[in-house]
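S.K.: Residue numbers (UniProt numbering), protein chains in the order written: chain A, 1 to 336; chain B, 1 to 324.
I should point out that these hints are in silico values taken from the structure, not numbers from a laboratory. Watch out, some of these pointers could steer you wrong.
[Unchecked claim] Here are the simulated distance ranges between beta carbons: (1) B:V129 to A:D63: 17 to 27 Å; (2) B:V129 to A:D11: 34 to 44 Å; (3) A:G209 to B:L130: 10 to 20 Å; (4) A:G209 to B:E231: 28 to 38 Å; (5) A:Q158 to B:L236: 22 to 32 Å; (6) B:A133 to A:D63: 54 to 64 Å; (7) A:R85 to B:L155: 42 to 52 Å.
Don't be surprised by glycine CBs; every beta carbon is placed ideally from N, CA and C.
Residue strings, one per chain:
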Amino acid sequence: MDADAPLLAVDNLTITLPAGRGRTVDIVENVSFRLDGAEIMGLVGESGSGKSMSALAIMGLIDAPGARIAGSIRFRGRELIGLDRRALRALRGAEIAMIFQDPMTALTPVHTVGWQIDEQLRAHQPLSRAGARARTVELLGEMGVPDPRRAADRYPHQLSGGLRQRAMIAMALSCNPSLLIADEPTTALDVTVQAQILDLLRRLRQDFGSSILLITHDMGVVAETCDRTTVLYSGNVAEHGPTDALFRQPAHPYTAALLDSIPPLRGTRPRRLPSIPGAPPAPSARPPGCPFQPRCAYGHVACETRPSLLPIGAQQVACVLPAEGRALPPRAVLSA
Amino acid sequence: MIGAVLRRLGQTVLVLFGISVLVFLVFFATPGADPTARIAGRNASPETVAAIRHQYGFDRPLPIQYLHLMDRLFITRDLASYVDHGEKVVPEVARAAPVTLSLVGGAAVIWVTVSILIGTIAAAARGSVLDRALMMAGLVGISIPVFWLGEVANLITQSRFHTSWMFSWVPPLGYVPLQDGLWAWASHLIIPWCTLAVLFIGLYGRVLRADLVAASGEDFMRTARAKGLSETRVMLFHGLRTSLITFVSLFGLDFAQLVGGGALLTEVVFGLGGVGRLTYQGLVNLDLPLIMATVMYSAVFVVVANAVVDLFYLLLDPRVRDGR
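Excised from the complex, chain A in its bound form (with noise of 0.2 Å):
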């Protein structure tokens, strides 16, 4: 164990799954971030970019017959992929949780809410049912579940969408996991109940010391909650830096066209939203060159070739406008 290795480190994750017929199709290519302790970052992408892929990933959960995952994943310097089944499970859940999309079907139909957190809990600490219970009990009060004792005795279809997020997070950080992955916890919500959970991963990074790896298409959620931000497009990413500045300046013309995408606060609003035109490359399609050129305002000759990340100012962008010269201009910050 290293103790100045960030606490995720993902090195070229490359994500091969067979596409029939015995041909195989990359979904994610190259993909690199990191995540230090204490620091909410946000994946970003449209569906089908791979960002759930990689989350699965780094959990160790992509299943699929024939899967291949190359490249390095590492947690607090060690290696997680190629790990024995094992120590795997040992981490999951324990140092690393994840929280999922749908909160209807996350959870087992058959068993308690409070049942399912008390499994996870046994699972990682020798603790004895009623002890279990305690701190089920302990953990849905903190994340604001009203009534925690009567709740954890409640089925996941008699709970609300909101409280049922909240079991799953109170489930996820059940063993004071240093890294949670939140693979869009906010999607399947009513607006309202979006921000309550939203201020709930917040609060987790001050008061657990947490660092979340967010996973979201909603750039709303990136702005609101996210130290860093690394932008996805079909399997590569496009672009990392610091959320505000990344805002600011966008370096990747797909990351300019996304917050074009989001309707203005003040201002004249357009009378159409500006849109991408056309669709992501199927990962079987990708063109050989910069996989957004087909749909970049920008594209010309030099987009031929893969462009690699290079840094410009706190960011690192996949394009090469800013080589040449002709970086994107600075945008009005979204909200004061």
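Position chain B against the provided structure of chain A, taking the given hints into account.
M.R.: Chain B only, in chain A's frame:
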């Protein structure tokens, strides 16, 4: 709770009424079903026939006959067979019921245990050679006719290899009640149990495997694995526990059907005087009292089994509990 029980009782009475009326009408609509001639015997004089017709009430209107039959079946319980020298049918059914219950109950224990084992192992080893071998064996089990399997089992254990050490313990065919000793009872039934269970092991094993495989793609299974639980625990406490809901409903139907007389072929092959055989006998002789008694008995079991399944549902699935 009391309301639910009363409602269930009311349903039972309605079901029994419907079935009995149906059986009754079908019987009298069957050509050559008139029992008078058979009771009177061959070459009976017309006077004797008329006397019997009157004595048994066959000359009265059908609704009266029906009520009379029901009265003798349920209230006075002295309904006599039309053929077997007037043997009382209620005690006959009461004698056959424990035989069938012993046979089906034991087989059910075997088939539930083994099919859960097979289904779970196959689902856990999905796609492997083991999985394929188990499912293939299941298909073979489903396809083998039970009477053939029973005869082969008899051939092996009763004659061919009866003297070998392996099967020398196998007693002759027939039924020995439990009161005569546990081993005497069980040893007479082990071979029939296994024979009857084979079909259901194959069926249930395959159904359970399919259910478990479907469940393995569910979000909550991923959550369970993300919690750091062992694969065994995920499989048993999350996958199997959820899949048991279908399993139980299937079991309730099959069990009731068998207890109600569906194990006829097994009973015949192994010389067990159970309800199935009794029903068959009643049908062959067109013996209305016997048919009526066995059908009523079987209907009661189906209704009771359904009630038990519903109860299990409540225990297994909290979502159903709230839906009521």
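S.K.: Take the C-beta atom of R85 of chain A and the C-beta atom of L155 of chain B, compute their distance, and say whether it sits inside 42 to 52 Å.
M.R.: Holds, at about 49 Å.
S.K.: Given a hinted range of 22 to 32 Å, is it respected by the beta-carbon distance of Q158 of chain A and L236 of chain B?
M.R.: 24 Å Cβ-Cβ, so the 22 to 32 Å window holds.
S.K.: I want to verify a distance hint. Is the separation of the beta carbons of G209 of chain A and E231 of chain B within 28 to 38 Å?
M.R.: holds (31 Å)
S.K.: Quick one: are G209 of chain A and L130 of chain B within 10 to 20 Å, going by C-beta?
M.R.: violated (46 Å)
S.K.: When you take the CB atoms of A133 of chain B and D63 of chain A, is the distance between them in 54 to 64 Å?
M.R.: Hint violated: Cβ distance 22 Å, outside 54 to 64 Å.
S.K.: So does V129 of chain B sit 17 to 27 Å from D63 of chain A, Cβ to Cβ?
M.R.: Once the Cβ atoms are compared, 19 Å apart, the range 17 to 27 Å for D63 of chain A and V129 of chain B holds.
S.K.: Between V129 of chain B and D11 of chain A, does the C-beta distance stay in 34 to 44 Å?
M.R.: Holds, since V129 of chain B and D11 of chain A (Cβ atoms, about 37 Å apart) stay within the stated range.
Comparing the model with each numbered hint stated earlier shows that hints 3 and 6 do not hold.
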